[in-house]
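Colleague: Dock chains A, B and U against the given chain P, drawing on the hints supplied.
There are 4 protein chains.
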Amino acid sequence: MKIAFIGLGNMGGPMARLVLQAGFDVIVYNRTAAKAEPLRELGAKVAVTPGEAAARADIMVTMLADEAALRDILDGRDGAVAHLPRGALHIGMSTVSVAFSAQLAKRHADLDQAYLAAPVFGRPDAAAAKKLWVLAAGRADDIKRARPVLESMGQGVLEVGDDPAQANTMKLAGNYMIAGMLQSLGESFALVRKAGMPAAQFFDIVNKVFKSPVYENYGGQIAAERFSPPGFKMRLGLKDMRLVLAAADASETPMPLASLLHDRMLSAAARGMGDLDWSALGRLAAQDAGLSLEKT
Amino acid sequence: MKIAFIGLGNMGGPMARLVLQAGFDVIVYNRTAAKAEPLRELGAKVAVTPGEAAARADIMVTMLADEAALRDILDGRDGAVAHLPRGALHIGMSTVSVAFSAQLAKRHADLDQAYLAAPVFGRPDAAAAKKLWVLAAGRADDIKRARPVLESMGQGVLEVGDDPAQANTMKLAGNYMIAGMLQSLGESFALVRKAGMPAAQFFDIVNKVFKSPVYENYGGQIAAERFSPPGFKMRLGLKDMRLVLAAADASETPMPLASLLHDRMLSAAARGMGDLDWSALGRLAAQDAGLSLEKT
Amino acid sequence: MKIAFIGLGNMGGPMARLVLQAGFDVIVYNRTAAKAEPLRELGAKVAVTPGEAAARADIMVTMLADEAALRDILDGRDGAVAHLPRGALHIGMSTVSVAFSAQLAKRHADLDQAYLAAPVFGRPDAAAAKKLWVLAAGRADDIKRARPVLESMGQGVLEVGDDPAQANTMKLAGNYMIAGMLQSLGESFALVRKAGMPAAQFFDIVNKVFKSPVYENYGGQIAAERFSPPGFKMRLGLKDMRLVLAAADASETPMPLASLLHDRMLSAAARGMGDLDWSALGRLAAQDAGLSLEKT
Amino acid sequence: MKIAFIGLGNMGGPMARLVLQAGFDVIVYNRTAAKAEPLRELGAKVAVTPGEAAARADIMVTMLADEAALRDILDGRDGAVAHLPRGALHIGMSTVSVAFSAQLAKRHADLDQAYLAAPVFGRPDAAAAKKLWVLAAGRADDIKRARPVLESMGQGVLEVGDDPAQANTMKLAGNYMIAGMLQSLGESFALVRKAGMPAAQFFDIVNKVFKSPVYENYGGQIAAERFSPPGFKMRLGLKDMRLVLAAADASETPMPLASLLHDRMLSAAARGMGDLDWSALGRLAAQDAGLSLEKT
Numbered sequence: 453m454k455i456a457f458i459g460l461g462n463m464g465g466p467m468a469r470l471v472l473q474a475g476f477d478v479i480v481y482n483r484t485a486a487k488a489e490p491l492r493e494l495g496a497k498v499a500v501t502p503g504e505a506a507a508r509a510d511i512m513v514t515m516l517a518d519e520a521a522l523r524d525i526l527d528g529r530d531g532a533v534a535h536l537p538r539g540a541l542h543i544g545m546s547t548v549s550v551a552f553s554a555q556l557a558k559r560h561a562d563l564d565q566a567y568l569a570a571p572v573f574g575r576p577d578a579a580a581a582k583k584l585w586v587l588a589a590g591r592a593d594d595i596k597r598a599r600p601v602l603e604s605m606g607q608g609v610l611e612v613g614d615d616p617a618q619a620n621t622m623k624l625a626g627n628y629m630i631a632g633m634l635q636s637l638g639e640s641f642a643l644v645r646k647a648g649m650p651a652a653q654f655f656d657i658v659n660k661v662f663k664s665p666v667y668e669n670y671g672g673q674i675a676a677e678r679f680s681p682p683g684f685k686m687r688l689g690l691k692d693m694r695l696v697l698a699a700a701d702a703s704e705t706p707m708p709l710a711s712l713l714h715d716r717m718l719s720a721a722a723r724g725m726g727d728l729d730w731s732a733l734g735r736l737a738a739q740d741a742g743l744s745l746e747k748t
Numbered sequence: 453m454k455i456a457f458i459g460l461g462n463m464g465g466p467m468a469r470l471v472l473q474a475g476f477d478v479i480v481y482n483r484t485a486a487k488a489e490p491l492r493e494l495g496a497k498v499a500v501t502p503g504e505a506a507a508r509a510d511i512m513v514t515m516l517a518d519e520a521a522l523r524d525i526l527d528g529r530d531g532a533v534a535h536l537p538r539g540a541l542h543i544g545m546s547t548v549s550v551a552f553s554a555q556l557a558k559r560h561a562d563l564d565q566a567y568l569a570a571p572v573f574g575r576p577d578a579a580a581a582k583k584l585w586v587l588a589a590g591r592a593d594d595i596k597r598a599r600p601v602l603e604s605m606g607q608g609v610l611e612v613g614d615d616p617a618q619a620n621t622m623k624l625a626g627n628y629m630i631a632g633m634l635q636s637l638g639e640s641f642a643l644v645r646k647a648g649m650p651a652a653q654f655f656d657i658v659n660k661v662f663k664s665p666v667y668e669n670y671g672g673q674i675a676a677e678r679f680s681p682p683g684f685k686m687r688l689g690l691k692d693m694r695l696v697l698a699a700a701d702a703s704e705t706p707m708p709l710a711s712l713l714h715d716r717m718l719s720a721a722a723r724g725m726g727d728l729d730w731s732a733l734g735r736l737a738a739q740d741a742g743l744s745l746e747k748t
Numbered sequence: 453m454k455i456a457f458i459g460l461g462n463m464g465g466p467m468a469r470l471v472l473q474a475g476f477d478v479i480v481y482n483r484t485a486a487k488a489e490p491l492r493e494l495g496a497k498v499a500v501t502p503g504e505a506a507a508r509a510d511i512m513v514t515m516l517a518d519e520a521a522l523r524d525i526l527d528g529r530d531g532a533v534a535h536l537p538r539g540a541l542h543i544g545m546s547t548v549s550v551a552f553s554a555q556l557a558k559r560h561a562d563l564d565q566a567y568l569a570a571p572v573f574g575r576p577d578a579a580a581a582k583k584l585w586v587l588a589a590g591r592a593d594d595i596k597r598a599r600p601v602l603e604s605m606g607q608g609v610l611e612v613g614d615d616p617a618q619a620n621t622m623k624l625a626g627n628y629m630i631a632g633m634l635q636s637l638g639e640s641f642a643l644v645r646k647a648g649m650p651a652a653q654f655f656d657i658v659n660k661v662f663k664s665p666v667y668e669n670y671g672g673q674i675a676a677e678r679f680s681p682p683g684f685k686m687r688l689g690l691k692d693m694r695l696v697l698a699a700a701d702a703s704e705t706p707m708p709l710a711s712l713l714h715d716r717m718l719s720a721a722a723r724g725m726g727d728l729d730w731s732a733l734g735r736l737a738a739q740d741a742g743l744s745l746e747k748t
Numbered sequence: 453m454k455i456a457f458i459g460l461g462n463m464g465g466p467m468a469r470l471v472l473q474a475g476f477d478v479i480v481y482n483r484t485a486a487k488a489e490p491l492r493e494l495g496a497k498v499a500v501t502p503g504e505a506a507a508r509a510d511i512m513v514t515m516l517a518d519e520a521a522l523r524d525i526l527d528g529r530d531g532a533v534a535h536l537p538r539g540a541l542h543i544g545m546s547t548v549s550v551a552f553s554a555q556l557a558k559r560h561a562d563l564d565q566a567y568l569a570a571p572v573f574g575r576p577d578a579a580a581a582k583k584l585w586v587l588a589a590g591r592a593d594d595i596k597r598a599r600p601v602l603e604s605m606g607q608g609v610l611e612v613g614d615d616p617a618q619a620n621t622m623k624l625a626g627n628y629m630i631a632g633m634l635q636s637l638g639e640s641f642a643l644v645r646k647a648g649m650p651a652a653q654f655f656d657i658v659n660k661v662f663k664s665p666v667y668e669n670y671g672g673q674i675a676a677e678r679f680s681p682p683g684f685k686m687r688l689g690l691k692d693m694r695l696v697l698a699a700a701d702a703s704e705t706p707m708p709l710a711s712l713l714h715d716r717m718l719s720a721a722a723r724g725m726g727d728l729d730w731s732a733l734g735r736l737a738a739q740d741a742g743l744s745l746e747k748t
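Chains as they are written, first to last, in the working numbering: chain P, 453 to 748; chain A, 453 to 748; chain B, 453 to 748; chain U, 453 to 748.
Treat the hints loosely; a few may be bogus.
Intra- or inter-copy, both count: the list cannot distinguish identical chains.
Quick list of in silico lysine-lysine cross-link-like pairs, DSSO-like style, CA-CA up to 27 Å [unchecked claim]:
no.	residue 1	residue 2
1	K660	K583
2	K663	K583
3	K582	K663
4	K660	K582
5	K582	K646
6	K660	K646
7	K558	K646
8	K596	K660
9	K596	K583
10	K497	K646
11	K558	K583
12	K646	K487
13	K454	K596
14	K660	K454
15	K497	K596
16	K497	K663
No wet-lab data here; the hints were simulated from the structure.
Looking at chain P on its own, in the form it has when it is part of the complex (with noise of 0.2 Å):
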């Protein structure tokens, strides 16, 4: 089975590794040529356009940062939807709109061509130790036919549906709910320390309490005030508040918290922290209690 795999970033280059080493027949492509040397040493392909890695493809897996970037990818004259072979399946696994998945589908379906979403959680460095979660949502037998590469990529496989927009919407809802425990681990570390107390000192107590990875890695990196470099930047975070909040918009639900999280966000990337991690949403937290930037 030939696999094209195009987005080799943060998160995309681990991957696509996992992909060659589960032992498909892979060719890649990037923006950025150099980002796939290291893949060709590996054994895989590599293409001069997204259209050249597309046109022989059983699976096209795509992973770009942001929804403009795989715009580009897909395309165009040598876009990767145009040379896609009819009946091939495209894995959408970036994070991206709920509206644009559901076009994407359609676009598919119009050219005979199968489309899955496929968004993940995990951060770079539990895409490089196969930690990934992959939620996958689309038609069973596509579903059953990209199995064994999700597989290669991460820890488990959780199928959420038949209409692709779906796996989005649930990626966009975990999303919220991470930043949600980052803009409360910022306040609780900001009360406790202006009440004379040592953040680490909560901190192990939110890990004995919850009993979180998601609070335990994130409430490290905030108590010791580790902001760079990103494994998840502020900019990509306010990126999925907005797309979260589309969501809502679209279906008339009102989410305060979201909205909350979009305006911290969106202060924080004013306030000259976009490329932080988004966890310095507790540096924010800090610096509106007056709280100089020193680590306590």
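Modeller: Coordinates of chains A, B and U only, in the frame set by chain P:
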């Protein structure tokens, strides 16, 4: 060692039983006397006034639903403070304000009595199963003296400082974080349901990705719309958000998420959900999204 | 001077009449043709397509309910843009997004057509009474050319810059401020009513102290719980909050109050108030406070 | 008629002068004695303690910065309450909590003294110019008795009920509305400035469309970034938002906008703006948008 245990409600009842079963010599008091009977059968003495319970105690434990109830026990002619012997230790386990705990510390010190704040995390079923987490703050030798009693009531004792009020700050911060988890579950479930998917499907993802027993317990309740009987009443959650905001106000720590949670709980109370479990924040989110109350 | 006037709804209808009564040679177009009849009786010509109206105009005025309706008029084979003569001026008076207005400016420039954005403040009754305020942004000589037409429609023309999109930003900011006034009236009235006082008594104070016709008009509606027929629908207010937040997002300006207003209007729409006047934010505040809907 | 006037600060000073100039027989008291000297020169007697001032009064007016300052005056051995004659009337003009005003009403009733709550709208310059609005609540005959004194201090007296606490609710609701106006001005100005326009241009529209002296005064300050000397300190505004939320909490009235305003003011205080005028909410909005502090 003689232990006075005052407050035998949903939480205090099972906690007192554990202390008794650990072999301590226990005298109990509860305003509604009937609740003391099961403990009498297990071997506890039963006092007629708080003062009687306190009068011969080495350690007095108090576990009341709120500050007003605690004041009733402590103050007045037959109140516990006046009768507690010099040198005896009061372990305050109720969730009360930071300011009140600080005042109480001073008051006991003036009377040559010792005082620890030791609020707990966990609901009535966790109390019954000895699964509570106990935070303890106060003088090191008081914590040492209290340890056997505290350990008899939970799965672990976390020491969080030498100023009792610090334990109260941390307890409140923890409850605020749980409330944030409830709100984000509620909004997510509403979003997912309005997109035509069952909440249970997203809940499954939450459990896989976040792996927290807190999400698991409350998410199950919200997905099943099971808010009664309450494990922890919305009205008590509202009280706690008020105490969090009072602490935030006093220390000049803006906590916009805590404010949001307070508003939501106040709205829930005003709309008739004050006596439901506080996870009914999920019902409120569904109602605000125009969702009917039927299960999904 | 030949004027094409497109869009004869609640606002456009009375505005077109004023232009006609000022002595201009007017041709009108409306999708629902019946609405053009009263203007035909007053002497206007009636076009069958937007293109027909635009084809011989010196100045084309558009006043549609939203961006989608405006796009329908402008685009396509019989669309207004394709038929508007070179050198002719399009005065866009609809409330549209900042981004759309900027695109439209570019599009007209590419076709050697002129474009002004001239959104208005005021509701249908103000339009009928020639009490609108008109914001105008664009090239100085275009504003000069447009002035007699704009002045025929309102009590004053406020020039706000040479970039058309600036007028749209200011119009949206103004609507956001009105929405903020509605929300604060709603919350205040709920507070006062729950304290046992009639909303009308507080409303009297508002009028004395704040002296604004905006408070006076809307406060009267909220106090009387009179939300239908709508002067400006909740759903249109919601659309405007969406456009404000889009502008805020694009320029990295956190606007937490705008987010709150968006959430409230979304909740109002989801709870069945989308077609009421947007002052029904006051009803929403009352409902959230558990107040019955009876008048006070 | 003998008038005791207690509290001669920014507001009380000019108010006492007006009472004196209206021909009443006035005895004043102020903690910082120097502030009484200008009034002595105008003919007032000066008391050394609150009790001395109260002792021979027919009517006692109190105008203090906050509840704590008022308690200092009223309570204790030389306090005003203990010395106020039976039958004499206390007019409380300070902005205090609804709960405190209710307690005070009861306390005076128990001592056969009369009590009116009569808080005012207006800042020090309005006080000096006799432009205050006075709210008055209490027994009808007490209001009648107080009227000549109240009228000497402002442009009008608004009777708002027979329960003194009602005037306090309305005063707080009014201050909340002003704060909402400040926040919306701040956010709008930030949006407009980030879109490349001067705030002053939008401010001009606000004045034309909304026509409120409140927008005009505060908008001018924000546009000019003139927050010092303060007419009304941020810290006092924060106190008032706290009192609004306490009233909202007690009556189960969710006020999300009041919560937002409280958060913003708390953030302003934590970031060093507590002693600026409360219109510095506009500075906070600009800072959060990443705008430098230079004037526009």
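Colleague: Taking the hints in turn, state whether each one holds.
Modeller: Hint check results:
1. In the homo-oligomer, the alpha carbons of K660 and K583 lie at most 27 Å apart both inside one protomer (23 Å) and across protomers (12 Å), since each shortest distance falls under that limit.
2. Proximity of K663 to K583 under the C-alpha cut-off of 27 Å is found in both arrangements, the shortest distances being 18 Å within a copy and 14 Å between copies.
3. Taking identical chains as interchangeable, the C-alpha atoms of K582 and K663 lie at most 27 Å apart whether they share a chain (21 Å) or sit on different chains (17 Å).
4. Proximity of K660 and K582 under a CA criterion of 27 Å is satisfied in both settings, with 26 Å inside one chain copy and 15 Å between copies.
5. In this homomeric assembly, K582 and K646 never come within 27 Å of each other (Cα to Cα): the closest approach is 40 Å inside a single copy and 33 Å across copies.
6. Within a single copy, K660 and K646 get their C-alpha atoms as close as 22 Å, which meets the 27 Å cut-off; across copies the closest is 35 Å, which misses it.
7. When the C-alpha separation of K558 and K646 is checked against a cutoff of 27 Å, the pair qualifies only between copies, where the shortest distance is 21 Å, while the shortest distance within a copy is 53 Å.
8. Proximity of K596 and K660 under a CA criterion of 27 Å is satisfied inter-copy only: 21 Å between copies versus 39 Å inside one chain copy.
9. Taking CA atoms no more than 27 Å apart as the test, K596 paired with K583 passes inside one copy only; the shortest distance there is 21 Å, against 42 Å between copies.
10. In this assembly of identical chains, K497 and K646 lie within 27 Å of each other by CA distance neither inside one copy nor across copies; the values are 56 Å within and 43 Å between.
11. For the identical chains of this complex, K558 and K583 are neighbours neither inside a copy (31 Å) nor across copies (48 Å), given an alpha-carbon limit of 27 Å.
12. In the homo-oligomer, the alpha carbons of K646 and K487 never lie at most 27 Å apart, since the shortest distance is 45 Å inside one protomer and 37 Å across protomers.
13. Taking the shortest Cα distances, K454 and K596 sit within 27 Å of each other inside one copy (16 Å), while across copies they are farther apart (65 Å).
14. When the C-alpha separation of K660 and K454 is checked against a cutoff of 27 Å, the pair qualifies neither within a copy, at 46 Å, nor between copies, at 31 Å.
15. Within a single copy, K497 and K596 get their C-alpha atoms as close as 25 Å, which meets the 27 Å cut-off; across copies the closest is 63 Å, which misses it.
16. Taking CA atoms no more than 27 Å apart as the test, K497 paired with K663 passes in neither setting, with 43 Å inside one copy and 38 Å between copies.
Comparing the model with each earlier hint shows violations of hints 5, 10, 11, 12, 14 and 16; every other hint is respected.
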